[in-house]
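Construct all of the structure, not just a fragment, from the sequences and the given hints.
If you want the building blocks of each chain, they are given just below.
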Amino acid sequence: MRALRHTLLHGLCGIAGYWFVSSADQAAPPAAAPSFFKEPAKPIAPARHSAPPPLASEAGLSQLTPEDWAEAISPISQMRLYELPMMLRGLLRNPFPDVRWRLLRYLFERWAVLDHAGALAAMRGISSPQHQETALRAILGIWTKSDTEAAWQYITAMDDDSVLQEAGIEILLSLNVGADPLRYLAWAGQLEDVFLREKALLQIGDSWMAKDPQGALAIVMTVEPQRLRDYLLSKLCHRDAVDHPTGLAAVAQLPSQAERSRLSGEWLGAFGNDQPQAAFDWLLAHAHRPELQKSADTLGGIMTTKVKSHADLRAMALQLPAGPLRDAFASRAADEWANSGHPLAEAESLLSLSAPCIERESAQSTLTSKRQNP
Amino acid sequence: MTPCFRTLTTTTLCFILGAFAGKWDSTPVRVQAPVPRAEATFSSAPLAALPPAYTSATASMEWVRAQMQKGDTTAAERFFRQGTDLSDEQRLSLARELVQNARRMDPHVLARIILGLPRGQAADMLLWRLVSDWSTNDAEAALLFIETLPPDRLNSVGVLTNSAFGLSRLPAERVLALAAKLDDHGRSYLAEGLVGFADQAGSWRNTTAILAKLSGTAPPDAISADYMLGMRLTEIDPASLESQLTAETDPLKRDKLLQGHAWATGTHDPQRGLELDARIQDPTVRQKHITFHIDYWLESDRAAALAWLQGPAAAQLMDREQRARLLRIYHLEVAR
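Chains D and F supply the protein sequences, listed in that same order. Under this note's numbering, residues 1 to 374 are what the first sequence spells out, in order. Under this note's numbering, residues 1001 to 1336 are what the second sequence spells out, in order.
Hints are computed from structural coordinates only; laboratory data are not their basis. In this text, a Cβ means the ideal position worked out from N, Cα and C, and glycines have one as well. Just so you know, not all the hints are guaranteed correct.
Cβ-Cβ distance ranges computed for the label pairs, FRET-style [unchecked claim]:
{"id": "1", "chain 1": "F", "residue 1": "1288", "chain 2": "D", "residue 2": "193", "range": "31 to 37 Å"}
{"id": "2", "chain 1": "F", "residue 1": "1332", "chain 2": "D", "residue 2": "179", "range": "56 to 62 Å"}
{"id": "3", "chain 1": "F", "residue 1": "1069", "chain 2": "D", "residue 2": "249", "range": "48 to 54 Å"}
{"id": "4", "chain 1": "D", "residue 1": "210", "chain 2": "F", "residue 2": "1208", "range": "47 to 53 Å"}
{"id": "5", "chain 1": "D", "residue 1": "288", "chain 2": "F", "residue 2": "1101", "range": "48 to 54 Å"}
{"id": "6", "chain 1": "F", "residue 1": "1088", "chain 2": "D", "residue 2": "68", "range": "32 to 38 Å"}
{"id": "7", "chain 1": "F", "residue 1": "1089", "chain 2": "D", "residue 2": "210", "range": "41 to 47 Å"}
{"id": "8", "chain 1": "D", "residue 1": "189", "chain 2": "F", "residue 2": "1171", "range": "27 to 33 Å"}
{"id": "9", "chain 1": "F", "residue 1": "1242", "chain 2": "D", "residue 2": "210", "range": "32 to 38 Å"}
Some chain F residues close to chain D (C-beta under 7 Å, calculated; not the full set) [what the hints assert, rightly or not]:
{"id": "10", "residue": "1068"}
{"id": "11", "residue": "1104"}
{"id": "12", "residue": "1139"}
{"id": "13", "residue": "1169"}
{"id": "14", "residue": "1205"}
{"id": "15", "residue": "1237"}
{"id": "16", "residue": "1268"}
{"id": "17", "residue": "1269"}
{"id": "18", "residue": "1298"}
{"id": "19", "residue": "1301"}
{"id": "20", "residue": "1303"}
{"id": "21", "residue": "1316"}
{"id": "22", "residue": "1329"}
Now the structure itself:
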């Protein structure tokens, strides 16, 4: 009896020891976690009794879908440093591009706040270049708030990966350039790699237009290099709240008729989509300028979607003086009218307003094809 | 040693031994416990609902999204494989709808669906769209998929040119490993795409490292990387292109560079484009360029184009019949 009691007592002690260690382990950080945690570990007791929610785990992140990914934002933004490598592994295993793209941002923003050097090292360890770029964007977004110069130095010193370096340059330009575009223009202009220079110029232009389209339009004709001026001239017309007549006036100052023709087409197209009647009135007021032939063609196409009847289109065409502008307007309108399923007789009636020309030949070919294959 | 002390010592030892056993037992289980992969949710979805009868692509997509909200991530694939009797046209419509939502879908699932469609232009276009989106979002995974395509789908302009935007970000050796599996057309399409996106993705340093080993002459019916380079440099740095044209000693490469240069120049300035067209050596390409540029000029500045057509420059570049045909449209005649 005494021996049995002794055996039971020793067995119980063994079980108690087993339980003590394995329970305590549930709350311990993983062995691979770095030793320089910046936040105190959570108390053991709650973790012992309640399993972590699935979202805040490696497996949880790997199984999020595009429908429920947003539920992970809050847990990620409160994670401790040692948890982030596991979460990254889980997220990179997630099969949905949208989920990875969205949550990588939050994960690396959290990481950069806690330990930006560690975040950079983790980012460099990612094998997918696009995931690296997403992570780098998040890190630089945090870093530039406190030390823009250091961020620039890090990127410009990254000679071992030109793809990531160029992505970093684009990101930094998009983050900083709005404040002082001209400062970055001078830097970009000195880049020897023509393709990198182009990327930088376009990024500067995009950031500038996003921040201050009116300001960019006001001085666009004085912008150097000419490549950026031309880029701004071709894109500013699509920005909200830009005054199209002002832009068209700027385009009219270009020395080359070919450039005036091409860019007027861009501007009048954007103007027509935004304010069709005002755009037509503008064309009417400038109908003596031969470089607007292509613009008249563009507007003729747009107007088919803005007017109620072909009679309206006919009336507009007839307001234009006989010649290349009216021919281009009427031919294109007839072509689009036929293509959008309206009666061919109406399209024919529009086309009859155009004198013989290459645009009319093209529209006639559309009408013939529609007649043969209704 | 008193019995009491002996008992205390042995029970303590048992406790410690138990603790060791617990430590040894718990650590590997926690670290090595298999993490359920996302792909496995097909079998573990709480309720694998049967797909409803097909009424429209939009309604089917709505059902797929509703299933995904419940954690059923393979609903789309099930729709294609079981429970519904879809016609080819319905399968195509639904696949189009799914591809429109590509970022919200597992690309591996989309790929299986698209490759299961009846082969044709519509299915090919969906495949091109998929590889374009996939390589833009995750070039490495996309490359692994592209490498598994059968040769007739792999060596297509749609797959290789469209994926080049994303692939240009990968290390040169990875892209060259893909290139080794391509035929001459495939390598040409890949090179064309890489140059075409040179100022938008990757880096020129990386792209040139790839292009340097993508040797070989482009087949006659493919656009070459040199042609594309001529076009891009005309847009972004004409002076650099002029230097390249002067320095290039290979007449074929030089002609391709010139062709791209002439094409892009003519879309901005038709007269200058026509002057450059005159220098193109390949007669078929030269004629195609001239026709395009004179048509473009007539549409953008009729008076100037007609004056040029009646002048000596046009007489040197175009035959009399070609000029007469264009001038007749405007009730004009050839002067010389």
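Evaluation of the provided hints:
1. Checked against the hint of 31 to 37 Å, the pair residue 1288/F and residue 193/D passes, with Cβ atoms roughly 32 Å apart.
2. Hint check: residue 1332/F to residue 179/D, Cβ distance near 57 Å, so the stated range 56 to 62 Å holds.
3. One distance hint, 48 to 54 Å for the beta-carbon pair residue 1069/F and residue 249/D, holds here, with the actual separation near 53 Å.
4. For residue 210/D and residue 1208/F, the hinted distance range of 47 to 53 Å is not satisfied, since their beta carbons lie about 31 Å from each other.
5. Range check, residue 288/D to residue 1101/F: about 50 Å between beta-carbon atoms, so the 48 to 54 Å window is met.
6. Checked against the hint of 32 to 38 Å, the pair residue 1088/F and residue 68/D passes, with Cβ atoms roughly 34 Å apart.
7. Range check, residue 1089/F to residue 210/D: Cβ separation about 43 Å, and the 41 to 47 Å hint holds.
8. Residue 189/D and residue 1171/F have their C-beta atoms about 30 Å apart, which keeps the hinted 27 to 33 Å range intact.
9. For residue 1242/F and residue 210/D, the hinted distance range of 32 to 38 Å is satisfied, since their beta carbons lie about 34 Å from each other.
10. Interface restraint check for residue 1068/F: the shortest CB-CB distance to chain D comes to about 5 Å, inside 7 Å, so the restraint holds.
11. Because the smallest distance between the Cβ of residue 1104/F and any Cβ of chain D comes to about 4 Å, under 7 Å, the interface hint for this residue holds.
12. Look at residue 1139/F: its Cβ gets to within about 6 Å of chain D, closer than 7 Å, so that hint holds up.
13. Of the supplied interface hints, the one on residue 1169/F holds, with its beta-carbon coming within about 4 Å of a beta-carbon of chain D, less than 7 Å.
14. Of the supplied interface hints, the one on residue 1205/F holds, with its beta-carbon coming within about 4 Å of a beta-carbon of chain D, less than 7 Å.
15. Satisfaction of the interface hint for residue 1237/F is found here, the shortest Cβ-Cβ separation to chain D being roughly 4 Å, below the 7 Å cut-off.
16. Given hint, residue 1268/F at the interface with chain D, holds; its Cβ is 6 Å from that chain's nearest Cβ, closer than 7 Å.
17. Annotation: interface hint on residue 1269/F holds; nearest CB of chain D at approximately 4 Å, less than 7 Å.
18. Given the 7 Å rule on beta carbons, the hint for residue 1298/F holds: about 5 Å separates it from the nearest Cβ of chain D.
19. This hint holds: residue 1301/F has a C-beta 6 Å from the nearest C-beta of chain D, less than the 7 Å allowed.
20. With 7 Å as the threshold, the beta carbon of residue 1303/F comes within range of chain D, its nearest partner Cβ sitting at about 6 Å, so the hint holds.
21. A cut of 7 Å between beta carbons decides the hint on residue 1316/F: the least distance to chain D is about 21 Å, and the hint is violated.
22. Interface hint status for residue 1329/F: upheld, as the beta-carbon distance to the closest one in chain D is roughly 5 Å, under 7 Å.
Taken one by one, the earlier hints fail for this structure at numbers 4 and 21, listed in ascending order.
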